[in-house]
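Residue numbers (my numbering), protein chains in the order written: chain A, 1 to 96; chain B, 1 to 134; chain C, 1 to 168.
Calculated from the structure, these hints are not laboratory results.
The beta-carbon is built from N, C-alpha and C at its ideal position, and this holds for glycine as well.
Treat the hints loosely; a few may be bogus.
Heads up, simulated EDC-like pairs for lysine to aspartate or glutamate below, C-alpha to C-alpha not over 16 Å straight-line [stated by the list, open to error]:
#1 C:K151 <-> C:E101
#2 A:K60 <-> B:E65
#3 C:K160 <-> C:E101
#4 C:K139 <-> C:D87
#5 C:K147 <-> B:D100
#6 C:K145 <-> C:D123
#7 B:K98 <-> C:E105
#8 C:K160 <-> C:D87
#9 C:K129 <-> B:D106
#10 C:K147 <-> B:E103
#11 C:K145 <-> B:D106
Which chain A residues face chain B? A few, computed with CB under 10 Å, are given here [to be verified]:
#12 I12
#13 V41
#14 A51
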Amino acid sequence: MSLFITAAYIAIAIISISTILTLVRFFKGPSLPDRVISLDVFSANLLAVLAIYSVLSEEKAYLNVALIMSLIAFVGTMTFAYYLVQKREKSKNYDQ
Amino acid sequence: MINDLLSAAFMLGGSIFMLIASIGMVKFPDFYIRNSASTKAVVLGVLLILLGVGIHYNDTMIFIEIFAILFFIFLISPLAAHIVSRAAVITGVGFWEKTDLEELEDYKKEQDKEAIRNTKWFATSEQDTSQRKC
Amino acid sequence: MVILINLFVAVLMTWFTQTIYPGIPNNGFATLLLFAGWNAVLWLLTYFLSEHSFHRSRQIGSLVLFYLKELLTASLRVAYEVLTPQDHMQPAVVAIPLEAETDFEITLLANFITLTPGTLSIDVSKDRKTLYVHEVYVKAGDTDKVKRQIKEGFEKRILKITRNPNQA
């Protein structure tokens, strides 16, 4: 095992630890925006793991998956923010 | 050989920044501080990791793909942070106790909605349970 | 705007030249050289398209460099904050009066502010005159210093690029 492949494995290990930490925030988070942000960081971690795994397996197609991941994560965050604002407006109208 | 060393260093540095971002997610006391901290560290971490991958492949097509990913990340992640923090202010997510909120008063007056004007911005334990419903 | 179009056309032309001429070596250094060359050619061509952005290209380069430097210092500051046990944070919400007027300028400014040390842009007021920013490092309630830093750092540079001095 060369030095480079060892470094890649160590990087994947570090990113796995950080994924677990974001999941801690996801389960603990007191409000919904906390969870949305932790999902954002989670998807960025996933993107990084995909990039490094594409180096390890010498398969260039995984980088395309990373590109699509970055787009879909943005759409998810947008949807959650829109949902939050709309929910707030709806509940206010209901109160009145 | 130099290629391998460089890309290994870039990948390790990027992953360490990702780790810092997620430790910050757990450690910091407030949604807004967590948001601003995690965005920066994640952007730099993804930048470094993708540069490391590009140096390892050393290929034109891969560089163009990486350029596209980095362009989207740089465009998108501050935008997402801004939109989510705006939604958080509107829904009344609490600030940290030490936060100086003098200049937010104008913003509160501008919103002509009763619910926002009466929001107590500091998170107490009761408020946390009430926010869990929404 | 012209600069963005230039960037994408340069990427496209790099790919074309790389695939059409097999004599060019397929490695990262050659790609970088080709990319810089196409950028230079397109920069010369913008002289006929808009003279303003032709002359402003040096300031655009300095803005990009400044942005990358700010991103690096921001991340290092977050790292320092995470790795030391006690916290030095003094957060505050700062209302920044805006000189930028058009949509493009405000978007650019808000996006840049989110990636500078300790700041996060929250919202723009309805009359689009103030930008509310959450700033983590405010020393002893000194919000004027933060305002001055942002106005002289980013807003000045952005306005220099987007505004045409001949028209105004």
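Violated hints, by number in ascending order, as checked against the structure: Checked against the structure, the hints that fail are numbers 6, 7, 8 and 11, while the rest are satisfied.
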